[in-house]
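A.B. asks: Chains R and P are the protein sequences, given in the same order.
Residue numbering for the first sequence follows the working numbering, starting at 1 and increasing by one per position.
Residue numbering for the second sequence follows the working numbering, starting at 1 and increasing by one per position.
If you are wondering where the hints come from, they were derived from the structure by calculation, not from laboratory data.
Check each hint, because a few of them may be wrong.
[Said to hold, decoys possible] Once the Cα atoms are required to be at most 25 Å apart in a straight line, the calculated DSS-like pairs of lysine-lysine come out as:
hint : chain 1 : residue 1 : chain 2 : residue 2
1    : P       : K284      : P       : K232
2    : P       : K443      : P       : K502
3    : R       : K98       : P       : K526
4    : P       : K46       : P       : K515
5    : R       : K96       : R       : K16
6    : P       : K164      : P       : K45
7    : P       : K390      : R       : K97
8    : P       : K515      : R       : K97
9    : P       : K526      : P       : K390
10   : P       : K280      : P       : K164
11   : P       : K46       : P       : K526
12   : P       : K390      : R       : K16
13   : P       : K164      : R       : K16
14   : P       : K120      : P       : K46
15   : P       : K390      : R       : K96
16   : R       : K17       : P       : K313
17   : R       : K96       : R       : K48
18   : P       : K321      : R       : K98
19   : R       : K17       : P       : K438
20   : P       : K280      : P       : K120
21   : P       : K120      : P       : K502
22   : R       : K16       : P       : K48
23   : R       : K20       : P       : K383
24   : P       : K164      : R       : K20
25   : R       : K52       : P       : K232
26   : P       : K526      : P       : K120
27   : P       : K219      : P       : K280
28   : R       : K97       : R       : K20
29   : R       : K20       : P       : K505
30   : R       : K96       : P       : K48
31   : P       : K48       : P       : K438
32   : R       : K96       : P       : K438
33   : P       : K377      : P       : K390
34   : P       : K280      : R       : K96
35   : P       : K376      : P       : K120
36   : R       : K16       : P       : K505
37   : R       : K16       : R       : K97
38   : R       : K5        : P       : K390
39   : P       : K515      : R       : K98
If you're wondering where the values come from, they're calculated on a predicted model, not measured in any experiment.
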Amino acid sequence: MDSSKTHEILQSAEFKKLVKTRWNISLSFTFVMLFVYIGFLLLIAYNKDFLKMPLGDSLNLAIVVGLGIIFFSWLITGLYVYWANNYYDSDVHEIKKKL
Amino acid sequence: MSLNLLLQISPSGPASTLGTANPVSIAIFFLFVAVTLYITYWAAKKTKTGSEFYAAGRNISGFQNGLALAGDYMSAASFLGIAGMVATKGYDGLIYSIGFLVGWPLIMFLVAEPLRNLGKYTFADVVAFRLKQRPIRIAASVGSLLTISFYLIAQMVGAGSLIKTLFGLNYEIAVVVVGLVMTMYVLFGGMLATTWVQIIKAVLLLSGATILVLLALSKFNFSPSELFMSVKTQYGSDMLAPGGFITNPLDALSLGLALMLGTAGLPHILMRFYTVPDDKAARKSVFVATGFIGYFYILTFFIGFAALALVGKDAIISLDKGGNMAALLLAENTGGSAFLGFIASVAFATILAVVAGLTLSGASTISHDLYVHVIKKGVSDEKGEMKVAKRATIFLGILAVTLGLLFKGQNVAFMVGLAFSIAASANFPALLMSIIWKGFTTKGAVYCMVTGAVLSLVLIVISPTVWVDILGNTEAIFPLKNPTIVSMTSAFIVGIIVSLAKPEKEAADLFESEKLRTYLGHGSEK
Chain R
1 MDSSKTHEIL QSAEFKKLVK TRWNISLSFT FVMLFVYIGF LLLIAYNKDF LKMPLGDSLN
61 LAIVVGLGII FFSWLITGLY VYWANNYYDS DVHEIKKKL
Chain P
1 MSLNLLLQIS PSGPASTLGT ANPVSIAIFF LFVAVTLYIT YWAAKKTKTG SEFYAAGRNI
61 SGFQNGLALA GDYMSAASFL GIAGMVATKG YDGLIYSIGF LVGWPLIMFL VAEPLRNLGK
121 YTFADVVAFR LKQRPIRIAA SVGSLLTISF YLIAQMVGAG SLIKTLFGLN YEIAVVVVGL
181 VMTMYVLFGG MLATTWVQII KAVLLLSGAT ILVLLALSKF NFSPSELFMS VKTQYGSDML
241 APGGFITNPL DALSLGLALM LGTAGLPHIL MRFYTVPDDK AARKSVFVAT GFIGYFYILT
301 FFIGFAALAL VGKDAIISLD KGGNMAALLL AENTGGSAFL GFIASVAFAT ILAVVAGLTL
361 SGASTISHDL YVHVIKKGVS DEKGEMKVAK RATIFLGILA VTLGLLFKGQ NVAFMVGLAF
421 SIAASANFPA LLMSIIWKGF TTKGAVYCMV TGAVLSLVLI VISPTVWVDI LGNTEAIFPL
481 KNPTIVSMTS AFIVGIIVSL AKPEKEAADL FESEKLRTYL GHGSEK
């Protein structure tokens with residue numbers, strides 16, 4: 001590989017944008033996931049009664065929130081894959097053409 | 001193995017055939033071993049080169065790898081243990097399983113794709129990519145081998161006791177059988193055989209648990225709300241809400257971080273990303289794994305509550321204090337002894353698959369990281385490397401059996417927590433910083449990994465988990481049950497300070513050029 005070509009790509013605005021967007025998305029998603037899970041733990045630690053709130057005759061908030069976090073994990077992972085497949089990969093493809 | 005050994009009948013709890021030789025489970029178990037050994041024979045013919053042995057020739061599809069990742073992660077401990085926790089402590093069991101699941105999205109966001117693009121066979125490949133090979137490989141191997149060993153001890157001891165309860169088979173024989181069969185998988189079939197063992201096991205476990213939940217729910221007109229109602233009427237509404245598991249927020253946070261970030265530092269999980277052709281497939285495999293693992297934890301939640309409602313807490317506890325037999329008692333209650341036999345053999349297969357994955361990853365650490373990059377300084381022919389890899393497999397097989405026998409009857413439950421703590425403190429911080437931080441240096445990485453490993457080990461010994469519960473002292477020196485919040489944070493801080501104190505120019509320069517590989521997959525291992 002031609003090293004001036006490599007240098008050119010590394011310095012190009014679109015490559016820098018690719019890397020920046022990738023980490024903006026990854027790190028925001030990471031913080032959202034951490035926030036949800038740690039928030040859940042702290043809620044249990046500090047306010048169990050709130051989670052005991054009944055919803056209907058047999059359900060309560062704790063079960064809904066707990067299972068909700070599992071669904072949320074699926075959703076956010078799926079969202080990342082959707083973004084990566086549809087946006088990230090096509091940008092990568094464009095840049096790779098120049099190599 | 002002679003049949004007499006299998007037919008030793010041991011006494012068991014009331015109205016249960018657990019612990020007696022169940023012809024169905026013996027038949028299914030032998031079928032599983034026969035099929036997987038045949039696969040090993042088939043895989044052996046395709047396992048000649050290093051890339052085939054360590055990474056199945058990078059020919060596993062994203063979906064297959066997702067199932068195999070789920071297979072690697074869903075241990076018998078989480079199947080029987082979490083169902084048992086729900087069956088004895090109610091909702092608290094779910095808090096644990098959620099912690100195990102939320103690590104997966106983070107693997108996706110932070111490590112999966114860069115790992116696939118930068119590495120070759122082990123996670124140390126990524127950390128050492130632009131840093132000095134020898135010090136990094138040595139430190140990373142320490143973290144990897146510690147994580148693998150503690151995880152392995154917990155699995156082997158669990159396997160021995162579980163098999164004893166399930167089949168009435170002698171503990172020592174169970175440990176030796178597990179060690180022998182898994183060594184055959186790894187030694188002859190390498191990653192290809194191990195992957196297929198994981199896939200078959202994952203399918204068996206997921207379908208077995210699904211049938212179990214359906215059979216149990218059929219007693220409640222397929223209505224989860226009737227199930228919850230039954231639990232509520234029999235045991236009170238507190239069973240359906242958080243109880244005593246989390247009282248100290250710091251303790252909860254520390255354990256939460258270990259489960260969540262430790263997952264992203266488990267060597268046998270990280271190694272699986274090299275079996276797929278590219279970063280896109282790596283991404284897909286995390287999505288598939290997250291889906292199956294989440295589904296599995298939802299199933300265990302229902303299995304626990306159904307066991308509580310149908311079998312009853314007293315009957316579950318009378319057989320095992322920790323409730324580990326809840327899922328099996330429920331299987332017998334809803335599907336008779338044939339179904340119990342099926343679920344029991346699935347649990348056995350689960351252990352075999354998990355220890356095979358651990359052994360393979362340990363062998364690759366010894367041969368690829370230590371032998372090639374430390375002893376041979378990066379210059380080794382493939383033949384020599386493979387020879388060492390195979391010897392390391394045999395060594396680890398013997399070690400696993402020895403440790404399993406040595407720790408018989410010991411309380412090893414804390415070792416899983418410790419393995420996750422070391423993974424989160426020694427492996428994960430160095431891996432993450434090497435991927436995202438330009439200023440990370442060789443010295444910084446070594447200090448970071450050593451700090452994480454040493455603090456995890458020392459703090460767990462003086463924590464209530466070991467100091468009080470195992471060594472019998474009255475008060476712990478370190479107050480938290482899991483050290484991760486201190487050990488991981490310290491590892492990050494030490495890594496950053498040491499790196500900032502003395503920058504490494506070559507490493508920073510290489511960081512720029514490695515970007516083409518990290519983000520575009522340019523020059524990645526094919």
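A.B. asks: Run every hint past the structure and note whether it holds.
C.D. replies: Against the structure, the hints:
Between the alpha carbons of K284/P and K232/P the distance comes to roughly 40 Å, so the proposed pair goes past 25 Å and is violated. For the suggested pair K443/P and K502/P, the alpha carbons sit about 8 Å apart, so the restraint of at most 25 Å is met. A threshold of 25 Å between alpha carbons decides the hint, and for K98/R with K526/P the separation of about 20 Å falls inside it, so the pair holds. For the hint linking K46/P to K515/P, the alpha-carbon distance of about 33 Å lies beyond 25 Å, and the restraint is violated.
About 14 Å separates the Cα atoms of K96/R and K16/R, which keeps this hinted pair within 25 Å; it holds. Taking the CA atoms of K164/P and K45/P, the gap is about 35 Å. The hint is violated against a cut of 25 Å. A distance of roughly 42 Å separates the Cα atoms of K390/P and K97/R; the hinted pair therefore is violated under the 25 Å criterion. A C-alpha spacing of about 16 Å is found between K515/P and K97/R, which places the hinted pair at or below 25 Å, so the restraint holds.
Simply put, K526/P and K390/P have alpha-carbon atoms about 23 Å apart, close enough for the 25 Å limit, and the pair holds. The straight-line distance between the Cα atoms of K280/P and K164/P is roughly 43 Å, outside the 25 Å bound, and the hint therefore fails. Taking the CA atoms of K46/P and K526/P, the gap is near 17 Å; set against the 25 Å cutoff, the hint holds. Between K390/P and K16/R the CA atoms are separated by roughly 44 Å; this puts the pair beyond 25 Å, and the hint is violated.
Between the alpha carbons of K164/P and K16/R the distance comes to roughly 58 Å, so the proposed pair goes past 25 Å and is violated. At roughly 19 Å between alpha-carbon atoms, K120/P and K46/P fall within 25 Å of each other, so this suggested pair holds. Pair hint K390/P plus K96/R does not hold up; C-alpha atoms about 39 Å apart against a cutoff of 25 Å. With a CA separation close to 57 Å, the supplied pair K17/R and K313/P exceeds the 25 Å bound.
Taking the CA atoms of K96/R and K48/R, the gap is near 53 Å; set against the 25 Å cutoff, the hint is violated. This hinted pair does not check out: K321/P and K98/R have alpha carbons roughly 64 Å apart, beyond 25 Å. Annotation: proposed proximity of K17/R to K438/P holds, straight-line Cα distance about 17 Å (limit 25 Å). At roughly 16 Å between alpha-carbon atoms, K280/P and K120/P fall within 25 Å of each other, so this suggested pair holds.
Between K120/P and K502/P the alpha-carbon distance is near 29 Å, which puts this suggested pair outside the 25 Å criterion. Simply put, K16/R and K48/P have alpha-carbon atoms about 41 Å apart, too far for the 25 Å limit, and the pair is violated. Restraint check: the Cα-Cα separation between K20/R and K383/P comes to about 42 Å, which exceeds 25 Å; the hinted pair is violated. This hinted pair does not check out: K164/P and K20/R have alpha carbons roughly 55 Å apart, beyond 25 Å.
A C-alpha spacing of about 12 Å is found between K52/R and K232/P, which places the hinted pair at or below 25 Å, so the restraint holds. For the hint linking K526/P to K120/P, the alpha-carbon distance of about 9 Å falls within 25 Å, and the restraint holds. A distance of roughly 43 Å separates the Cα atoms of K219/P and K280/P; the hinted pair therefore is violated under the 25 Å criterion. Between K97/R and K20/R the alpha-carbon distance is near 20 Å, which keeps this suggested pair within the 25 Å criterion.
This hinted pair checks out: K20/R and K505/P have alpha carbons roughly 23 Å apart, not beyond 25 Å. Distance check on the hinted pair: K96/R and K48/P sit about 33 Å apart at the alpha-carbon level, beyond 25 Å; violated. For the proposed pair K48/P and K438/P, the alpha carbon gap of about 37 Å is over 25 Å, so the pair is violated. About 23 Å separates the Cα atoms of K96/R and K438/P, which keeps this hinted pair within 25 Å; it holds.
With a C-alpha separation of about 20 Å, the suggested pairing of K377/P with K390/P holds against the 25 Å cut-off. Of the supplied pair hints, the one linking K280/P and K96/R holds, its CA atoms being roughly 15 Å apart against a limit of 25 Å. Restraint check for K376/P and K120/P: satisfied, since their Cα atoms lie roughly 17 Å apart, inside the 25 Å limit. Pair hint K16/R plus K505/P holds up; C-alpha atoms about 21 Å apart against a cutoff of 25 Å.
Under the criterion of a C-alpha separation no larger than 25 Å, the hint pairing K16/R with K97/R is consistent with the structure, at around 16 Å. About 43 Å separates the Cα atoms of K5/R and K390/P, which puts this hinted pair outside 25 Å; it is violated. Only pairs whose Cα atoms come within 25 Å are accepted, and K515/P paired with K98/R is accepted, the gap being roughly 15 Å.
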